[in-house]
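Trainee: So you can see what is in the structure, the chains are spelled out below.
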Amino acid sequence: MKVEVYAVLKEYFEKEFTLQRSFDDIHSLRSFLISENPQAEKLLNISRFAVDNEFVDNNYSLKENDHISIMPPSSGG
Amino acid sequence: MTTSALCPQAVEVKHITSEPIDLPGLLSASHHPEAGAVVLFSGDVRDNNLGKNVAYLEYEAQEVMASKLIAEILEEARIKWSLSVAVAQHRIGKVSVSEAAVVVITATPHRREAYEANRHIIDRIKHEVPIWKCEYFNDGSKKWGGNCNCHEITGSANKHIYESEKQNL
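For the record, the sequence lines run as chains A and B. When the letters of the first sequence are read in order and numbered with our numbering, they come out as residues 1 to 77. When the letters of the second sequence are read in order and numbered with our numbering, they come out as residues 1001 to 1169.
Calculated directly from the structure, the hints in this document are not laboratory data. A hint or two may mislead.
To be verified - 30 Å max Cα-Cα, derived BS3-like pairs, lysine-lysine: (1) Lys1080/B with Lys15/A; (2) Lys63/A with Lys1159/B; (3) Lys1094/B with Lys2/A; (4) Lys1080/B with Lys10/A; (5) Lys1166/B with Lys15/A.
In this text, all values refer to a predicted model and were calculated from it rather than measured experimentally.
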């Protein structure tokens, strides 16, 4: 699956990366990313996740070809 | 942007743009025969924040989702306040001091609804739409900033406290 992160998350992860292993849901993907980069824990816990440009919740079942966006809290305007 | 003198409500605006926002053009396209009130809010870049001098801002968006969500916010407001016109556009990329980063225009028969709807729309854009600013300061430092902190109070990334509603609490 392909992952794209935005804004301040780019200071913790590559802008775009591909994950070879699969994850059951958003919750397990988030846990994996936190284990990869513990410093990003607080930020990941308050970020919103989307799959193929639709917001999803923690229980969303991930599929192999999903394109995931991880978005920290908004700061537009 | 396409406009038609015969059908002013058909103003079509790109919700996310890397071009400077054409405030006079958008305003003149937002007059409507049924509307006695037109409110334009321009969110401009300040030269200071947190006691530091700001050189410029850079905005980033999840463009597909941001554009879609702004359209939904405008449509919901259009129905709730019976808006004759509802327009919003947000810049991405580098935005200089005094330039508009975001514009919201609402037009209604009377001014109360135009003001109310306008505040509601800008509140939702700032809190909900996936757009982020990075502040570049004159001292060479930068900071991804001004994040929505509502989750600390509401406990959810999807529940927000809007400025326009705070005053009524």
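Trainee: Confirm or reject each hint.
Mentor: Right, here's what the structure says about each hint:
1. Lys1080/B with Lys15/A: Cα-Cα ~38 Å, so violated.
2. Lys63/A with Lys1159/B: OK: lysine 63/A and lysine 1159/B at ~27 Å, within 30 Å.
3. Lys1094/B with Lys2/A: holds (27 Å)
4. Lys1080/B with Lys10/A: violated (38 Å)
5. Lys1166/B with Lys15/A: This hinted pair is violated, its Cα atoms lying about 36 Å apart.
Hint violations for this structure: numbers 1, 4 and 5, all remaining hints satisfied.
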